[in-house]
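Chains as they are written, first to last, in this note's numbering: chain A, 1107 to 1357; chain B, 32 to 423.
Keep in mind that the hints were calculated from the coordinates and are not lab data.
Just to be clear, a hint being listed does not mean it is correct.
Label-pair distances were calculated between CB atoms; the ranges are [said to hold, decoys possible]: (1) B:393 to A:1169: 53 to 59 Å; (2) A:1331 to B:161: 54 to 60 Å; (3) A:1121 to B:135: 55 to 61 Å.
In silico DSSO-like links for lysine-lysine, alpha-carbon gap of 30 Å or less [as the list claims (entries may be wrong)]: (4) A:1260 to B:257; (5) A:1212 to B:260; (6) A:1274 to A:1249; (7) A:1299 to A:1169; (8) A:1171 to A:1212; (9) A:1249 to B:257; (10) A:1249 to B:260; (11) A:1212 to B:257.
Values in this document were obtained by computation on a predicted structure and should not be read as measured data.
The beta carbon of each residue, even a glycine, is placed where N, CA and C say it ideally should be.
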Amino acid sequence: MAILEVSDINKRFGGLKALDKVELSVEEGTVHAIIGPNGAGKSTLLNCFVGRLAPDSGTVTFKGKSLLGLQPHEINQAGVSRVFQTPEIFEDLSVLDNVMIPAFAKADGAFKFNAWHRISRRAEVRDEASDLLEEVGLADQSKMICSALSRGDKRRLELAMCLIQHPKLLLLDEPTAGMSRADTNNTIDLLKKIGERGITKVIIEHDMHVVFSLATTISVLAQGTVIAEGKPEDIKGDPRVQEAYLGGVHQ
Amino acid sequence: MLGKSARADWILLIVFSVLVLTAPITLTPIGAGYPDLLQKFAIYGIFAIGFNILFGLTGYLSFGHAAFLGVGSYSAVWMFKLFTMNAIPAVMFSLLMAGLFALLIGYVSLRRSGIYFSIITLAFAQMSYNLAYSVLSPITNGETGLQVRQLAPADRGPDYVLKLVDEDLRWVDQAFGVVEEGIPITNLFGLKMSGYPGFYFSAVLLILAFYIAMRITRSNFGMMLKAIKSNQNRLQYTGVNTRPYLLAAFVISGMYAGLAGSLLAVTDPLAGAERMQWTASGEVVLMTILGGAGTLVGPVLGGMIIKGLGSLFSSYNENILNQFFSFLPEPVREVAVGISALFVGEGWELTLGLMFMIIVIFVPGGILQGFTNIIRMFRRKKPNPAPAKSEA
Ligand SMILES: Nc1ncnc2c1ncn2[C@@H]1O[C@H](COP(=O)(O)OP(=O)(O)O)[C@@H](O)[C@H]1O
Ligand SMILES: [Mg+2]
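Please take these sequences and the hints and turn them into a complete structure.
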């Protein structure tokens, strides 16, 4: 069953047609990769899912309900969490607080004034956050202020922030961009491990090594349109994809 | 871990309370031990603590908080005029009115952030200030200011025209048969709110205000406010509707200002529009930043420094300066007095400006941060350094 259904999305920036009749269907439990050259419209598409951008026309349906017109916090409350292309974290707060806040946000996001329940659920949430930090390899940094983290660590932290919310759909925008080979491999392992939780993932990625290690389905976006879609083996051999994208990388 | 930080908070609260309650003794040697000034410290401490809940935690810089101070004062004086000179109902009513006002202004101004938010709050405060002088004169008594007056005559005929700004009713006091000679002063169930009792009334409320601010800072709610300051965008994509959180912080902080305003009226039952002027709004910004925005103790410290040094420096004049520099030979003394005269009396604001610049440039975290840095420097020299405690 499709958990996310996108049909006929169009988005213009002035004269530029960033998305042109995009159709996409993400099956529940899959890892769906969206690949394509720089400027193809991948981030724009993701922005349309989470309410950062409103498409000019088309529909975005998540679990049978339209996401269009919803506020970003409402979309998150519906079960969609997102990792940004440049890590978006709470730089002035500690690593542990960064992971605890999304947990409270999930519970209290609709605004609950619980100033007087300082300890309510805190111990429980703290334990879960600590476990997650252990899992993403940030346990030793948990008391650090985030601005001191390396870029790779910030990405891992952002991932932990999303995971503590137990999302139904996780959107990742280039989770390994700017990482070293070793860090990239760590992230692949981490994402594989998360895969065991059965969270549906949409992943935008440049690195073919990452894509072919993780994806179960691949859509290729070029100049705002989906030019091919299928299993990794099929995409690898598709001449149109070779031309539009893979060829360029291997040169 | 949880137990440890909770214990640190209790220690901080106890130390703070002891310092506040013993201030009449400890501040006497430096000449600041008299009730009037102490009361000012306590009142502006409350104002700054409340301001910090908004500015220090969420990063939203309001330039109109004096409006709530003014609303608090007017509300308190009206309670004195209409019902009773007892301070408690006045304080309650001020909290309520300031809260309502803040809800209204906050609802509108929080549609924007950054400089636009600051400008909107400033505009609202200036509007209140101007309205108090003009349209709202029947409530504020315009330029004269609203004051506690003598009672209207008891045997008023049917065609007697009651002018409420000039004559008072004090229904509750009258019902209890309180006899008034001249213009009465405020009380707490009979205890006159002047001198040290007046200070202790404000002091207890300061401690309570400090405690509540501490609970807010440490709560989940406080954590959300800090997250708003750090990255509001991320917080929204994390599922938080930030507006109600901001509005709650704005209203709480407005109520703190209202409380401070009502205490000003308890000290001296008079409310004037100048209390809402933009300079008063700016002063609380200076206090908070000078002492240390985002910390619990910093704003109180900033309030004390500005109010304390203010009253000290404004009281200096050329005679005092001449005495001070009397050890210098005549021509040099004249130059020294001439230069330093610029910074005292009316020129106190020049000193304040310089001080503010120096602090912001060299210790951007505020005076409290400066202290913490010094303490850390000493600790580092010891063989077993204790981990430095942050966020005092
Ligand atoms: N907010 C915006 N305003 C104007 N143009 C934009 C905006 N966002 C993206 N674009 C343009 O849309 C195209 C697609 O961008 P993007 O979705 O970021 O590509 P990708 O993530 O695939 O590299 C690019 O040409 C980019 O310059
Ligand atoms: Mg992109």
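Here's how the hints hold up against the structure:
The hinted range of 53 to 59 Å is satisfied by residue 393 of chain B and residue 1169 of chain A, whose Cβ atoms lie roughly 56 Å apart. Between residue 1331 of chain A and residue 161 of chain B the Cβ separation comes to about 59 Å, which falls inside the hinted range of 54 to 60 Å. Here the CB-CB span from residue 1121 of chain A to residue 135 of chain B is close to 44 Å, at odds with the stated 55 to 61 Å. Distance hint between residue 1260 of chain A and residue 257 of chain B is fulfilled; the C-alpha atoms sit about 19 Å from each other, no more than 30 Å.
Of the supplied pair hints, the one linking residue 1212 of chain A and residue 260 of chain B holds, its CA atoms being roughly 19 Å apart against a limit of 30 Å. Pair hint residue 1274 of chain A plus residue 1249 of chain A holds up; C-alpha atoms about 29 Å apart against a cutoff of 30 Å. A distance of roughly 25 Å separates the Cα atoms of residue 1299 of chain A and residue 1169 of chain A; the hinted pair therefore holds under the 30 Å criterion. For the suggested pair residue 1171 of chain A and residue 1212 of chain A, the alpha carbons sit about 19 Å apart, so the restraint of at most 30 Å is met.
Distance hint between residue 1249 of chain A and residue 257 of chain B is fulfilled; the C-alpha atoms sit about 16 Å from each other, no more than 30 Å. Among the hinted pairs, residue 1249 of chain A with residue 260 of chain B is consistent with the structure: their alpha-carbon atoms are about 19 Å apart, no more than 30 Å. About 17 Å separates the Cα atoms of residue 1212 of chain A and residue 257 of chain B, which keeps this hinted pair within 30 Å; it holds.
Violated hint: 3 only; the structure is consistent with all others.
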